[in-house]
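Peer 1: Following the hints, position chain B against chain A.
Protein chains in written order, with the working numbering: chain A, 1 to 1051; chain B, 10001 to 10469.
Watch out, some of these pointers could steer you wrong.
To be verified - Covered stretches of chain B (chain A as the covering partner; in silico rule of three or more C-beta atoms under 8 Å from a C-beta of chain A): (1) 10093 to 10106; (2) 10141 to 10152.
Said to hold, decoys possible - Some chain A residues well away from chain B (every beta-carbon gap over 10 Å; in silico): (3) ILE303; (4) GLU521; (5) GLU604; (6) LYS719.
Derived by calculation from the structure, the hints in this document are not laboratory data.
Backbone N, C-alpha and C fix where the C-beta goes; we use that ideal spot for every residue, glycine too.
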Amino acid sequence: MDDAGTSHGARVRRGRALVAVIAGMGIVASATEGAPVQNATELHDRAMRVMETHCFSCHGPGKQKGDVRFDALESIDPVDLQKLFEASREALRLGEMPPEEAESQPNREERELLMQWLEGLVSGEAAAALAEKLKRFEYGNVVDHGELFSGKHGELPGYTADRRWLVSEFIFNERVNRLVDYHPTRSVYGKQVAVRGDSGVHWSPKTEQGNKFRRSITNPFLLPKKVGVRYSANEALTSGHLLTMIGNARRIAGYMASDATIKKHYPAMHTLMEAEFRHREILASRERFLTTPFYMERLLRDIFGEGNEALLPVIKRVDLPYPQPAMRNGQVRIETNLGLLDRLDKIDLTAVFEGLHEYHKEGVEYERIIEQCERDWGREGVVESRILNRVGMLKAFKVNWDIQGIIGKASDKRYARPDYVPLDEAEMRVIEATIRKYRKGGDSYQAVIDKCMGEWEATLKAEREAMPAPDKSLLDGLVGQLYERIFERQPTEEEVRKNSAVLLGFMEKLERQAAIAKLIETLILSTEFVYRDEFGLGEADELGRRMMLPRDASYALAYALTDSSPDAELAMAVAEGRLNCRADYEREVRRMLARRDVWTIIDESVQAANLNASVTNQPIRKLRFFREFFGYPKAMEVFKDDVRFGAGTHEAAVSRLVDEADLLVEHILERDRNVFEALLTTEEFYVYHNGDNVAMEAAAANYRENFEYFSKFDWRAFKPGDLAPHVSFMLSRGLKELREYRPGSEKKTLDILVRFMKTAEHQFGAGQKNPVPFMFVGYGYWAGGPVLGRTGQQMRGEAVTSYWNIDWRTWDYPTNQPAKIPNRKGILTHPAWLIAHAQNLETDPIHRGKWIREKLLAGTIPDVPITVDAVIPPDHGRTMRQRMEERTGAESCWRCHQKMDPLGFPFEGYDDFGRYRVEESLEHPDNLIRKAPAPYGPISELTFGAMLPVYKTLPVDPRGVLDSSGDARLDGEVRDSFDLIERLARSEKARQSIIRHAFRFFMGRNEGLADSKTLMDADRAYVVSQGSFDEVIVSLLTSDAFIYRRSNRRE
Amino acid sequence: MKFNRREFLKTTALGTAGLALSPSFSHLLAAPAGAAGTSGAGGFPHRFIFIRKSNGNLPEQFGLPSFSSEERKKHVEKEAFDVDLEKHELPEWLRCLERHKERMTILHGISMCVSGGGHYSYSGCLGAYKAGRDILSNIKWATVDFELARLFPSPFGHVEMSLAVPHGREFRSGIVSGYSAPGAQQRNYCYADPMTAYNELFKSVTDQDAVETDNSLLDYLRDEESARLKQLDGDERLKIDNQVRGLEAIRERNGKVAALGDTIKMHLPRLAPIHENGGVDATLLEKQEAFTDVIVAALASGLTNVVTYTIDDLGTDIATLPENEAKTSIHAIGHAADAGALAMRAAMQAHHMRQIETMVTRLEAIREGEGTMFDNTTIIYLPETGAGHHSPDTEAPMVVMSGRNSRVDLAGRYIRLPFHGTEGHKTLSNWYTTLLNAYGNPIKHYGDLDLTMQRNRLEQTGAIGRFMV
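Excised from the complex, chain A in its bound form (with noise of 0.2 Å):
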């Protein structure tokens, strides 16, 4: 098998990239004789001179003896790279090279200086660097794919070395949601249910259903944004980590060490708090006592009798006219709408309807109501804004408001004056006492609370301050109780003492629930927060091996599934001592894998566009790996014109597209037969669809029903008042809409009517025998919409269907779905990979086939050389294809590209949006044929749905060439994208490639030969099982790779 893409060796590769890197890393020179070169680029160029000389005439673009060349070390991979440079050291150190015969031979200078290049490049920085690097994801494929499936290597013991994961950003919303005692819920398909997976984020307009304090904690785990797998064991905490979560510990910490929180969680929490509590209770009482409307008023009427008159500060009017009447249409217009009071500042409007209530009386001025209520205002001590709003009011409400309906409202008894229920005899002392030391003429009664307010909180606190120390057990109980909650676990001895005296050292310079947050923010500053730890216990194996901690497995197992710490089960198991050998790993692997009690938002970006419904009840981590392997979910990253999507909003469209896209990955895996090959050759998508048959099927019968009723009358002429005979059939059949008729809405019942008629007649006006069951009615908030997503949100996002070369108003609308497609074979070819495989303005044939390269082909790709210019020049007269291939055909730039383009080039059949074609559009303006009809103009003139421009066209070439698929009798020229799907759908290569990477998904790190085992295995379960992909999770999670660690620790 000719393995170009992965063989050992020193083939010919790009990479100049690297090489720059290495010499940008400041290689310092070696212990040589002579005056060794300081400067790391200069010893590269002086190096390559010295090569050129003595040894491109054999290993230079001429000839490449042994295979080996030198001229373009950019081009090959860092590892095969890495053996050529050990090589040719051993070689020089040797003498070898150049041999005896060669004619030219360098100098013993020339020597030196290759020799310190060549150490520098081996030993050195670099070498530390590269091997840091091949650490990561995108350099996985470097380990020779033919060896790892070769079976030579399957005795080689498996195991992953103990570590600390650090949490993902799923991982730490999970948390954060558990401490915050955050439980979102959605509803799906119907039933109000718990999710997992949301950051508070509001995902619904009207609703709001996010949450404002948990969205003010800030992710700082967010994994790296990129096509593949994106979650490595490798990364360690840094300062920006750290100082986010600063940030966030105060917020958690004030949240735990609430009043609220404390009584509800933390027992020994509050006892400690005990006196605090106490005392903040009597000032809560007192304060309600005085702040209660009219108290003051009688108490100190009661303290100070017929002298109080005279104490009482002196009222200024507010000088505020009357407004001038509202008029519409030369008619005084009084607002009726009470509901718009709510608008109104609830502080001020509630004071206002207690003036009301108190003192609009039969007889009784308006005039006079108002200035009792600023005399009562101005004695409280309202300040002066407010008095002035509230006047405002009350002038307003008289004048242009239903000044009936509004005293009407001020007579419900909540605004009435309270019954006079003094505190017990002692509260009254004290509060007579005070009121009587600090009371001065003129005081309003705020001025008079604040002050004996002040008064006890002084006497109370120092009366907490001459408390003795709490109680030890006390203290010892809260950190216990802290650990279990934060960390799930209960403290060692050791840790119960050393934060009780954290504690206690808070407590001195801190009340005691400032110094419980203190030691709250600690804790979860401690990095046993935010990482996982996977450590081995027990007798090693000989060769060093242990298995998992259980309680670290159950959580290794939990986290590979899930988002979430251990369920129920996975715990006893635990505490039961039943997660102790392999057979216990897979019991419980599979019992996860069967669940579809749990529901998770797969995405909340996806869900916040367009009311997406976003969720899955499989375990989240399995559908995650096929959305990042293809990374389609980049769809709505690519930064894409609307005027050239020509549908609408993109932003919108592509989110369902995304939306759709998961719940096609969710079907396949729900299903779970031979997956692989039915994700890339599937004919049958999901458009426009909410997963439901039924309820679509339900809903597109709704809809024509509606149709072909109203389309008995004349609709069009219809008035308000002739919907009457229609209410019953409104009522009990209508759209959703329409059933929302109540007496008084005709109108606005009436306009709805007429826009989903005027839609539904485009509709099966153009042959339509299926609707798709969507109008431009309001919005999803508002009103639900012939169909309702999963989640019962109004189903948005009709113009997907133009991706799809469908207009939604003359397609015959598939209820039943995944349905068949025309053009469209696996998600290579669904519109959301081409889209998120695109740029903004056109096609990119190179990553399209750089993808394939290397996720179905085990392959590499060298990194761009610094050098390059990796822009494709414009040309409005040429495809894309054809610009590309004067762009990159040259002999440097091919080396690279002829693993790239020949596997893109075949999706050119797709334009940037995914829509398919078989004429590329010249978009230019020189090329411009028609101009783009109007919005929503007639269907004639728009290309599937979409206002498009007409431009000069050229034929697409969507021929291309596969190479390196491990089978001759796939390799080879392909006529199409079909062509090429169909081949690699067929590639024992193509299918282990993918296992490779579910198993540095599973693992969080690159495989090594030492895994070959773990991958054949999980191989030979797929194809066993006829494309399981719970049995490869099931495999891989019971590999030596998993359950077994081996000690990194210095001893």
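Peer 2: What follows is chain B alone, placed relative to chain A:
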């Protein structure tokens, strides 16, 4: 990647993003490689105040009443031209800045299509990218205010304040999520009420106990994590070691802020008691004035050199302005085009301008070298959503106040740049690239590219050459 304490300090801008002292991010504030330097004229840092306002800025409001008929025609038809403000009258709502016309710019013609957004652009209007629905993963890179803060390091690095009331409920208080972004996929925090800002910013002189407790916390954590380092090697050591070094660095910088105590005391503002406990009774103007006090004091005491201030958003409660006859909905004004709505829009903007006038005057009163602190300050008043309530984003008129030592040459003028999608047009990305280049970040192009410009094959990268000094 391993980092040592010195690198940590560098990457956190010599600042004291200390536990006790900052709710803001500072970790990405290091000057980028190749930056010209971190001090402005005379060795003094340059300061920036970004004032974000909602509902867009209507282009018509930015025309000058004294335009000649030809100038007015150009203004209306959106043709490029400049005039000298000294020779013109300002519109009524801008008139309080009359005294500062020499340092003022009415900047017209910059487009915001790169950030877009409809009702809100979230971090987009300062990041020159589309932020979508404020999802973390939509934040593409550090916003321009954070990038500038990197160039002029300070203890707090960057400070954000906000009178935004998302979705129109009550005014917020405390520390809440902000709109600026310290880096890709990172959302900043902000102070939602003046008293919280005061308490947090000036804590080193107003609450010693809190500072000491925080320092104890850092010391304890450092000791605990150091103990974990024993027996660790290689990557596993690095995973803990970074944390230890980070804790040490923050602790060290807390000490540096403590040393600023006298300067802070000198500029410490006095906030009225009405702002206690979130300032429920404070009027909008009282809140605006108090925020202005805090902003000026934070700059004057050297705690920060960059402030971002959301002076309103669509939900902000406009009920207590002198012009209020009833509560005003900013959102409703955005949808209305009647004279009353326009007058109210102008009235709100006039209040914003009064705050800017106060900032300029106060900063002018502080001596700095041979001049004043305002000489080294730039204030940018920009709309969150272009030229209207939900755009169009093809225009985004701004008011810029720039001190004498500004490195951007535009003061004293009304400037209208070529319209969107035409030759010579400048986008928000170009504008921010200009600021960054002028103050030492050599980035070739900051921000997203404009697709209309791209589609029309028009040059759109880099700084606005004519503004570069």
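Peer 1: Of the numbered hints stated previously, which ones are contradicted by the structure, given in increasing order?
Peer 2: 1, 2, 4 and 5
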